[in-house]
Amino acid sequence: MIQERYKPTFLRKLYPNTKLWMSLGISCAVIFFNNIWFSLAVMILSLIMIAYEKYILEFKVVSISIIIMAVMMFAINGTLNPVNNYTNDPVFILPLLNWKFYKEGLEYALTYFGRIAPLMCALFLLFRTMNMTDLGIGMYEGGIPYNISFMFISTFQTIPILGKDMNQIMDAQRARGLDTEGNLIKRFKAFLPVMVPVVANSIMRVRNQAVALETKGFNSSAKKTVYRDLPKTKADHILKWSSILLSIGSIVYRIIQSFF
Amino acid sequence: MGMKTIDSSKGKMRNTYMAILIPLGIAINFVGGTIASKLSLPLFLDSIGTAIVAAIMGPFVGAVSGVGFNIISSIVNGNILGSLFGICNIATAFIVGFMARADKFRTIVHAIIATVAVAVANALLGAPIAVVVYGGIQGSGVDLLVAGLLSFGNDILSAAFLARLPINLADKGIACFAAWLILKRLPENMRNLTGGKRANADA
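Protein chains in written order, with the working numbering: chain A, 5 to 264; chain B, 27 to 229.
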């Protein structure tokens, strides 16, 4: 298969474990500070970085789901949430439909939206600029047992294989007259004829895979070596320790805040 | 054939099978979700792999596979808080896995009991998680039902629970049933990986 090679930008050159620490730090900070301005800053910064790293096209899917979530959250919570004080005047009324939006529900929605949307942008950026095989190797070098890091890498290799199988089987079943575009009941009926062959095929392959792994010494107790060489730079150390400090700081801030 | 001498239920080979089947369970979950969205079904159908792995490898391996799916799908989608829904998948794996270990995942009656148990457990666990993470509204088809229930005067938690009950019943029901159908079609020697008393007695 053809593999794309990206230009090594700053984010791409970071050691994968550093990005894991960074995502922990950002998640802790966004959730525990619970400050809408901080969330907004994280969101705008990640959007700028996404544009800089040229991921706009792939980000479209995520941004659509963020927009759908925002519309649903604000519409339903603003109009129907029981925390709304219906004796007050509504903040605004949607013309034509006459939906009344109340302040409490909108604030409720804003709290939750401010937690989820910035994290979606920031983590999309961090994980998309990461090679999953590198991450697995980074985990192994960081002290996680080989079995577990192997499972992690293997997952990202199995998903495309099964996806390819699925497309083939779907085409084959369509050629045999399976209706995949009819009404809801017909589409439900089409689910199992596609799913059962995919699963059965993959389970049939398990035995061969086990033999292949065994011949390559998967269970050998000798220390495994890795072929890839991932360099660690000064920036990695700085970012790692600053994100650890950020997560500890946000937890301490939250504890202090809950006492006073 | 040399292949027959490999016993999957014993010590070291069990490790190898685990290392293959856990990623496979995660991938089957993914493919189930993809097929459901390709057929534009209003369901997730993303716990079939968890149920299958739990049935053939035992509840704990199934639970690892379920949590792994939620973590990896949250990595792919960037929504890290969504990995909390892994708790739902642990429940699915435990119910199906322990039933299979006790040899109670064979007839259609067993499949129906498992379906109902899994659906109730998922609704019970899913509603509080959805309220904690998303405040009750998560940006999918379930929300319309939640909105309808809210307009009848329910509070957020009970609306989230009541809305998830019928959807989980269909969703996890099909997942459990598919797992059961596939298990029936598996070759005899692959069904013996449940890690129950039989497997331990051999080892």
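Some hints could be false.
Distance ranges between label pairs, derived from CB positions [stated by the list, open to error]:
| # | chain 1 | residue 1 | chain 2 | residue 2 | range |
| --- | --- | --- | --- | --- | --- |
| 1 | B | N41 | A | N171 | 25 to 35 Å |
| 2 | A | L196 | B | N103 | 19 to 29 Å |
| 3 | B | G179 | A | A176 | 45 to 55 Å |
| 4 | B | S63 | A | L101 | 21 to 31 Å |
In case anyone wonders, no lab produced these hints; they're calculated from the structure. C-beta: ideal position from N, C-alpha, C; glycine also.
Task: Those earlier numbered hints the structure runs against, lowest number first - done: No numbers; nothing is violated.
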